[in-house]
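Peer 1: Sequence:
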Amino acid sequence: MDAETDGGVQGFDRLHPDEQVQRQRLVPNLRANPEGTRWTGKCWYVHNLLKYEFDLQFDIPVTYPATAPELELPELDGKTQKMYRGGKICLTVHFKPLWAKNCPRFGIAHALCLGLAPWLAAEIPVLVDSGMVKHKDDAASSAES
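Here the working numbering is used: the first residue of the sequence shown is 19, the next is one more, and so on.
Derived by calculation from the structure, the hints in this document are not laboratory data. Possibly wrong hints are sitting among the right ones.
[Said to hold, decoys possible] Restricting the straight-line Cα-Cα distance to at most 16 Å, the calculated cross-link-like pairs of lysine to aspartate or glutamate (EDC-like) are:
id, residue 1, residue 2
1, K69, D155
2, K152, D73
3, K60, D73
4, K60, E93
5, K152, E71
6, K106, D73
7, K100, E88
8, K60, D77
9, K152, D95
10, K69, D156
[Claimed, not checked] With beta-carbon atoms standing in for the labels, derived distance ranges:
id, residue 1, residue 2, range
11, S148, A50, 29 to 37 Å
12, H128, K60, 12 to 20 Å
13, D73, D147, 19 to 27 Å
14, Y102, T55, 14 to 22 Å
15, D155, D77, 27 to 35 Å
The beta-carbon is built from N, C-alpha and C at its ideal position, and this holds for glycine as well.
All chains, please: the whole structure from these sequences, using the hints.
Peer 2: Right, here's the structure in full:
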């Protein structure tokens, strides 16, 4: 069967959910606790051809999927007004209505790509330009001086 007749992309086979979980375990960016309720990992954003990495963590709420996870970037806590105490990013204005409209079809990946990514795109350039966030190479060179 080719890609045109089965409606898929050539060379792409759908994975069984168990195989998807196994593949996700190989990716080091995001890990869950054994219960799957607490997730930790790294997120990154490229600005002026420099990659900025941040620790990411979130808990799956008891009311999930009706309630979106609250994404936390602890190292940015207090550096921007669009953040709550503890480093939780503000998603109420733009993302929460989108999540509510598409519940229960949305999942963790949607929270990351439709919630976290636009927030990073809006906030990180401002934080870098204001000097609140420094690239790891800049921080290392200033420590050597």
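Peer 1: Hint by hint, say whether it matches the structure.
Peer 2: Now for the hints, and whether the structure bears them out:
| no. | hint | in the structure |
| --- | --- | --- |
| 1 | K69 x D155 | 10 Å, holds |
| 2 | K152 x D73 | 15 Å, holds |
| 3 | K60 x D73 | 5 Å, holds |
| 4 | K60 x E93 | 11 Å, holds |
| 5 | K152 x E71 | 10 Å, holds |
| 6 | K106 x D73 | 12 Å, holds |
| 7 | K100 x E88 | 13 Å, holds |
| 8 | K60 x D77 | 15 Å, holds |
| 9 | K152 x D95 | 15 Å, holds |
| 10 | K69 x D156 | 12 Å, holds |
| 11 | S148 x A50: 29 to 37 Å | 34 Å, holds |
| 12 | H128 x K60: 12 to 20 Å | 19 Å, holds |
| 13 | D73 x D147: 19 to 27 Å | 22 Å, holds |
| 14 | Y102 x T55: 14 to 22 Å | 20 Å, holds |
| 15 | D155 x D77: 27 to 35 Å | 32 Å, holds |
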